[in-house]
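Trainee: Here are the chains, one letter per residue:
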Amino acid sequence: MNTSVSYRYQLASQIKGIVIYYLIVLCVSVLVIATSTVAISISSADDGLSGQIVGTEFATIIYLFVAACNSFREEFGMLMQNATSRKSLFIGRILTTLTISSFMVIMDKLIYFINRAAYSDDKYVVLSFFDSFYNTNSDSFKLQITGFFFHLSFNLFASGLGYLLTNIFYRSGKGGRLGLCVGLPVGIVVVLPIVDSIIAKGKISEAIFRGLDKILGVSAQKPLYGIISCFLIFTGLSAISWLLIRRANVKE
Amino acid sequence: MQIDFESNKPIFLQIAEGIEDAILSGAFAEESQIPSITEFSVNYKINPATALKGINILVEEGILYKKRGIGMFVKEGATRQLKQKRKEQFFDNYILGLVAEAKRLELSEEDVKNMIERGFKK
Amino acid sequence: MTGIEIKNVSKNYGNVQALSNINLTFESDKIYGLLGRNGAGKSTLLNIITSRIFADSGEVLIDGIPAKDNDRALKKVYLMSEKNFYPGRMKIKEVFKWTRQFYPDFDEDYAYKLAERFELNTGKSVKSLSTGYNSIFKLIIALSVNTPYVLLDEPVLGLDANHRELFYKVLLEKYSQSPCTIVISTHLIEEVSNIIENIIIIKKGRIIKNETCESLLASGYSVAGTAAKVDAYIAGRNVLGVDNLGGLKQAYLLGKIDGELPEGIELGKLDLQKLFIQLTNQ
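Chains D, Z and H, in that order, are what the protein sequence lines are.
Heads up: the first sequence runs through residues 1 to 252, numbered per my numbering.
Heads up: the second sequence runs through residues 253 to 374, numbered per my numbering.
Heads up: the third sequence runs through residues 375 to 656, numbered per my numbering.
Hints listed in this document are in silico derivations from the structure and should not be mistaken for laboratory results.
Where a beta carbon is used, it is the ideal one built from N, C-alpha and C, also for glycine.
Honestly, I wouldn't trust all of these hints.
With a straight-line cut-off of 25 Å between C-alpha atoms, the simulated BS3-like cross-links for lysine-lysine are [as the list claims (entries may be wrong)]: (1) D/Lys251 to H/Lys404; (2) H/Lys442 to D/Lys16; (3) H/Lys630 to Z/Lys297; (4) D/Lys87 to H/Lys381; (5) Z/Lys261 to H/Lys471; (6) H/Lys543 to Z/Lys261; (7) Z/Lys261 to H/Lys450; (8) Z/Lys297 to H/Lys583; (9) H/Lys583 to D/Lys251; (10) H/Lys543 to Z/Lys297; (11) Z/Lys261 to H/Lys623; (12) H/Lys577 to D/Lys251; (13) H/Lys404 to Z/Lys305; (14) H/Lys457 to D/Lys174; (15) H/Lys442 to D/Lys251; (16) Z/Lys261 to H/Lys643; (17) H/Lys457 to H/Lys630; (18) H/Lys450 to D/Lys87; (19) H/Lys643 to Z/Lys305; (20) H/Lys583 to Z/Lys305; (21) Z/Lys305 to H/Lys630; (22) H/Lys643 to D/Lys87; (23) Z/Lys297 to H/Lys487; (24) H/Lys543 to Z/Lys305.
Okay, the calculated bits of chain Z under chain H, using three or more residues with CB under 8 Å as the criterion [stated by the list, open to error]: (25) 259-273; (26) 361-374.
Only some residues are given here: those of chain H computed to face chain Z with a beta carbon under 10 Å [as the list claims (entries may be wrong)]: (27) Ser402; (28) Lys404; (29) Phe476; (30) Glu547; (31) Tyr549; (32) Ser567; (33) Ile569; (34) Ile570; (35) Glu588; (36) Gly642; (37) Lys643.
All chains, full assembly: derive it from the sequences and hints.
Mentor: Right, dumping it as structure tokens:
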């Protein structure tokens, strides 16, 4: 069965990007640690110098989204050329997504701990993305575990969203593509706020934020909601992606 | 051995005749191996089935035989057999055409006989 | 091995009927020529067989297994086409490595030997290859992949004369030593006419001929001579077409020769390319 090769190939396609990403993260982290160490040593004790180091988890989420947007066309062509069914391609993709999402959560946790060690004095507070979301400090082991799963499911969500978008793009004609690349961003960033403030008097964004709050369990301080919601959304997005892939024709 | 792709004569037949010519001229000695189907096929850029067809004609006539796992060999006595066959065909293949052409050119029987004599003296 | 069976396959693109009710079988261990003019539907058919695009109706079976999006069936086929789906930045030796993963019977050693014969630098990336070498590396894979069915869509596009000659040589070597089913889809009929055993002619999405090369060529003959004599002869006969050269004429006819040819008329064989042109004209 070509599922195994489909998985290995798609995974191999992702590795280079991830390595470069973490090299950059490493360099940036080292740079930030170095400058802040210098800043701390220069300043005096009651200089009021302080800051927050927010973890790389958010950057990872963005990275996974962007990487997913780039993970269909070439892989589809290569796998079709090599006698692999769309089903195997999709299963391989899901396995790849799970693998790299998990790997990056672990890497980010490592970086988090390195940061915690580097900023061991009280001047700087190290927070993870999860922490900033739910206003916690990842003090207990339970919170660490919860944070871990939260990051994982958010990673999956980001990856699933990017993959769906690129699939919609692939299956669309010229009009659809234009709509997706221009219409969607313009709609969200420009049109929606205008409509919202003038016509709905802020009701739309209110509704959106309240909705997000509910499913992610932010005010309710229930990260479990967030984990489950993200995971369910990921499943839904993947299902739609599959519906698009299964009838996809190979193009030039 | 040449193959004329423009000719009316089917390629497999040309192969068979080409092998016959080679046997008669001594190029393929009796009890020696002839080139393989692959060699024929690759050399003349023809489908192996075509080469096989030509060779099989000669196998059926008893000119060639197959040694399992090795290849095709010229049977002992093939030369004699082929000469006999060609002798029988000589009249149809050469004489009829020669006479027809001679008539077209308005050569007499005497003219033709003289030319034949001249040919043998060479 | 029951071959590749194509049953009632149709495909249209908007108003254009690319394929109409195609019924065809590619049997084991034969070399087929799939001939047709540009746009006749050859590539569409090959793409449907390999599940790259979907037929609107009908089905394809590979050794009895429905081929549509099925790993087991698709692994028996390799399609080499003009379009390149290998990642541009991938080096040829990497491509070989991955091909081995997807097609376990892929003979990597043989592929490298062929690369040498074709003077292909396997350290180059796919996108850095010229048009000719783009075809060549895919041909090398097709010749080394050892699947029971190998489909070649315009294999010699962009190849210079030397490489074309080498390709046909290697193809026949491979076929002689380890037979498989090879389908050569092309409009370069003259080059392949001696290699193929069976011919399928596609015209505007329909199959108009599906028989052995031998029987197709035996289905007619040509006559040549002065225009007057030829005209007299061909009157009332099934004429495919004529070539004129001043006062000389060559006519292509279907059917068997009945009786002797009149004086001044020369018999010729039916040339496959001429037959094809006559059959697919207009």
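Trainee: If a hint holds in the structure, say so; if it does not, say that too.
Mentor: Hints, one by one, checked against the model:
1. D/Lys251 to H/Lys404: violated, 30 Å
2. H/Lys442 to D/Lys16: With a Cα-Cα distance of about 33 Å, the restraint between H/Lys442 and D/Lys16 is violated, given a limit of 25 Å.
3. H/Lys630 to Z/Lys297: With Cα atoms ~28 Å apart, H/Lys630 and Z/Lys297 exceed 25 Å; violated.
4. D/Lys87 to H/Lys381: Measuring from Cα to Cα gives roughly 24 Å; hence the hint holds.
5. Z/Lys261 to H/Lys471: Outside the cut-off at roughly 47 Å; violated.
6. H/Lys543 to Z/Lys261: Satisfied, since the Cα-Cα distance of roughly 24 Å is no more than 25 Å.
7. Z/Lys261 to H/Lys450: Since the Cα atoms of Z/Lys261 and H/Lys450 sit roughly 38 Å apart, the hinted pair is violated (cutoff 25 Å).
8. Z/Lys297 to H/Lys583: Roughly 24 Å separates the two Cα atoms, so the pair holds.
9. H/Lys583 to D/Lys251: violated, 29 Å
10. H/Lys543 to Z/Lys297: Between H/Lys543 and Z/Lys297 the Cα gap is close to 7 Å, so the pair holds against 25 Å.
11. Z/Lys261 to H/Lys623: holds, 22 Å
12. H/Lys577 to D/Lys251: At roughly 23 Å apart (the allowed maximum being 25 Å), D/Lys251 and H/Lys577 satisfy the hint.
13. H/Lys404 to Z/Lys305: Distance ~15 Å between H/Lys404 and Z/Lys305 Cα, so the pair holds.
14. H/Lys457 to D/Lys174: Holds, because 21 Å separates the two Cα atoms, which is no more than 25 Å.
15. H/Lys442 to D/Lys251: Holds - the C-alpha atoms of D/Lys251 and H/Lys442 are around 17 Å apart, at most 25 Å.
16. Z/Lys261 to H/Lys643: holds, 8 Å
17. H/Lys457 to H/Lys630: Not OK: H/Lys457 and H/Lys630 at ~43 Å, beyond 25 Å, violated.
18. H/Lys450 to D/Lys87: holds, 17 Å
19. H/Lys643 to Z/Lys305: holds, 20 Å
20. H/Lys583 to Z/Lys305: OK: H/Lys583 and Z/Lys305 at ~24 Å, within 25 Å.
21. Z/Lys305 to H/Lys630: holds, 23 Å
22. H/Lys643 to D/Lys87: violated, 51 Å
23. Z/Lys297 to H/Lys487: With a Cα-Cα distance of about 21 Å, the restraint between Z/Lys297 and H/Lys487 holds, given a limit of 25 Å.
24. H/Lys543 to Z/Lys305: Holds. H/Lys543 to Z/Lys305 sits at ~20 Å (cutoff 25 Å).
25. 259-273: Result for this restraint: holds, n = 4.
26. 361-374: violated (count 0)
27. Ser402: violated, 13 Å
28. Lys404: Holds - the Cβ of H/Lys404 comes within 10 Å of chain Z, reaching about 8 Å at its closest.
29. Phe476: violated, 29 Å
30. Glu547: The hint holds - H/Glu547 has a Cβ within 10 Å of chain Z, the shortest such distance being about 5 Å.
31. Tyr549: holds, 7 Å
32. Ser567: It holds, given that the least Cβ distance between H/Ser567 and chain Z is near 8 Å, below 10 Å.
33. Ile569: holds, 5 Å
34. Ile570: holds, 7 Å
35. Glu588: holds, 8 Å
36. Gly642: For H/Gly642, the interface hint holds, since the closest Cβ of chain Z sits about 7 Å away, which is under 10 Å.
37. Lys643: Holds, about 5 Å.
Hints 1, 2, 3, 5, 7, 9, 17, 22, 26, 27, 29 from the earlier list are contradicted by this structure; the remaining hints agree with it.
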